[in-house]
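Taken in order, these protein sequences are the chains called A and B.
Residues 0 to 513 in numbering that gives the first Met the number 0 are what the first sequence lists, from first letter to last.
Residues 0 to 170 in numbering that gives the first Met the number 0 are what the second sequence lists, from first letter to last.
Calculated directly from the structure, the hints in this document are not laboratory data.
A portion of the hints provided could be inaccurate.
Restraint ranges, calculated between C-beta atoms of paired labels, are given here [to be verified]:
id: 1; chain 1: A; residue 1: 488; chain 2: B; residue 2: 55; range: 18 to 24 Å
id: 2; chain 1: A; residue 1: 498; chain 2: B; residue 2: 101; range: 52 to 58 Å
id: 3; chain 1: B; residue 1: 115; chain 2: A; residue 2: 136; range: 54 to 60 Å
Computed footprint of chain B on chain A, listed as stretches where at least three residues anywhere in the stretch have a Cβ under 8 Å from a Cβ of chain B [claimed, not checked]:
id: 4; stretch: 102–109
id: 5; stretch: 115–127
id: 6; stretch: 175–185
id: 7; stretch: 190–203
id: 8; stretch: 456–470
Heads up, the beta-carbon is just placed ideally off N, CA and C, and yes, glycines get one too.
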Amino acid sequence: MFMIDELGMLAQGVGHFLNLTSLFNIAWATLLGIVIGMLPGLTATMGVALLVTLTYGMPGDQAILTLICMYVGAIYGGSRSAILLNIPGTPASAATSLDGYPLAQQGKAGYAMGLATTSSAIGTIIGIFFLAILAPALAEFAFNFGSYEFFWLAVFGVVISGRLTGANDPLKGYIAGILGLLVAMVGMESLHAYRRFDFGIPDLAGGIDIIPAMVGAFGFAEILTVMRRKLDAKVITSQGRTIPYFKDVWKYRRTAIRSGIIGTLVGIIPGVGEDIGSWTSYAAARRASKEKEKFGHGSYEGLTAAETGNSAVIPGALIPVLTLAIPGSTAAAVLIAAMFIHDIRPGPMLMIENPEFLYQVIAMLLFTTVAITIYGLSLTKLLVKVLSVPREKLMPVVYVLCVIGSFAISQQIFDVYVMVFFGLFGYVLREMKYPMAPIVLGIILGTLLDTNLRRGLALTGGDITPFFTRPVSLVLCLISVLAILLSVPAVNRLLLRGLRKVGLAQKQSSDAGV
Amino acid sequence: MEDNSNRLIRADLITGIVFILLGLIVFYLSWNMSRLEIRGIHPSTIPGLVPMILGALLAFSGFLLTLRSWRLGASFRLKGSLLPLHITEESKRLAVMLVLTLGYALVLVDWLPFWLATALYLFVSIVLFELYLTSEPRPLMRCLILAGIQSVLVTLVVTFSFQELFLVRLP
């Protein structure tokens, strides 16, 4: 099977964007993304959320193009400040600073940035490869999904996101998910057009809009966090060669490929994003490396793993977005909202109603990969200047953009209040170590969960057996239950004891309290 | 650090109780939601179904959180208040930021025309943070003039670009 059809559609997708307007949009959106990613305190999710408003008036394909360029640019841009300031510009670049900053201290800042650029490009391309193969297959598989499957998918998404992002404290992750789901319950429900939790306030009857909520939780809350800290780091100037030697890139090709695959897989998992992709790739690379000691002291391999891993997440996150309308990451959640705004309906039907869209998205990713490579390898010195903008001037301006952004979609001042509320709410929760991703997943998937549960029950007349007997539903249900069970410490202890008895786990010399 | 984790445990205890209450309230409200019998819908598709489940889950999770914090000794460390008594640099900045941002979004934007509210907010923010809340205050006159120019400039750019270039309506 030569996939001639698919290649043809890909060529069409690429051709679709080979015009002046698109290229112009790619240029400025990617650059803006890189700048936003570089500046600590501005994250990819925030950038995408704010850009949704700006691009509201644009035609759908151009709007999504700019959003994807912003997304890719921002995730890449974080590596700059990670390397030069030891402060990750976005959470996704935290692992990059581990080896990037030591390299900068050794005078190899430019080279590190070049390596980060090529790694990001390679990571995105690996992700694109999987997107192209898996998305159509998954869409076809999901075509037979009914209400039961979608219900469990929504549950699975929230549970897995809560479990994996609330790393040290899954309970807080689950609570975050429940809170997000509850937010989605406000407003008119779609089965009987009944208004829930509106307390007589007409604004609430329309439900809580996702974009102002995201702008608040990821914009305003982040601004508060940044302004509170007192940090003023010195920027290391970069000198020397930027473009990496081919041998360095080739030497770590296995690491790159491994990290790319890991990143894509992490991206596919709902609500688990670039930061986890980067950390997991880094840890895996270190474990498999022949140069373990170098990690943390300026290892090219570590840097490659981190940057390839976080960039591969983006196409991976788009797989569930396009085929199931389930976000693979928080920025992907904003993309889903943006698609709906522009009348593109992600989900299994997308491949039937609008099959070119997948290939257009792939083309968008390819174009922006080229853009970050060009910008990354050429504009080093210029971009570094951006880092010297003082926060006191920048954050208030970003806040103004948040206010405009929340207002602009529906022209309601209520949305600004929503933004403020979620900003405060998000800030407090963040300070108490609650993860934000499950909240976002809850808000996005809440309606899906609710409607499909009740629709399924209506179809069977109240009988819940199909929820547990249909094969896909059963699998999703079991995984969710398993995830929850494994996060209970008591269960883990029992399991460990059992495994030790059978000889599958090592005996620990000091069994603390087991 | 020790103090921080103590505070977190205490905060968890309180939030746990809050979640229990919130969960119970949500459950109660959903229980009382109309069952829409007039329309003859199936009882398992009532609008309140999922909120009820979520309310119950929230209350249960809150209970677990409270239990865990209790076990970790939160109640015994109730001496010393939850909020830091000493005003740190950090909390000052946070408070100022809150007043400014909330004032802008909730009051100014409604009251004054958008460009005026924005320019004012930017000006006050920059001045306050550069003059008073920093370890290296800039010379007064220079700071004021610079801040003034910058706020007006940014307001113009933002207003113009959003309204004309991106066709976005401003509050």
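Structure-based check of all given hints:
1. Look at residue 488 of chain A against residue 55 of chain B: about 23 Å separates their beta carbons, and that is inside 18 to 24 Å.
2. Between residue 498 of chain A and residue 101 of chain B the C-beta distance comes to about 53 Å, which sits within the given range of 52 to 58 Å.
3. Between residue 115 of chain B and residue 136 of chain A the CB atoms are about 56 Å apart, so this pair conforms to the stated range of 54 to 60 Å.
4. Chain B is given as covering the stretch 102–109 of chain A, and this is violated because 0 residues of the stretch bring a CB closer than 8 Å to a CB of that chain, at least three being needed.
5. For the stretch 115–127 of chain A, the assignment as covered by chain B is violated, since 0 residues bring a beta-carbon within under 8 Å of that chain's beta-carbons and 3 are needed.
6. Remark: the stretch 175–185 of chain A is confirmed as covered by chain B, as 5 of its residues place a Cβ nearer than 8 Å to a Cβ of that chain, reaching the required three.
7. Note: the stretch 190–203 of chain A has 5 residues with beta-carbon separation from chain B under 8 Å; the three-residue rule is met and the coverage holds.
8. Counting residues of the stretch 456–470 of chain A whose C-beta lies closer than 8 Å to any C-beta of chain B gives 4; at least three are required, and the coverage claim holds.
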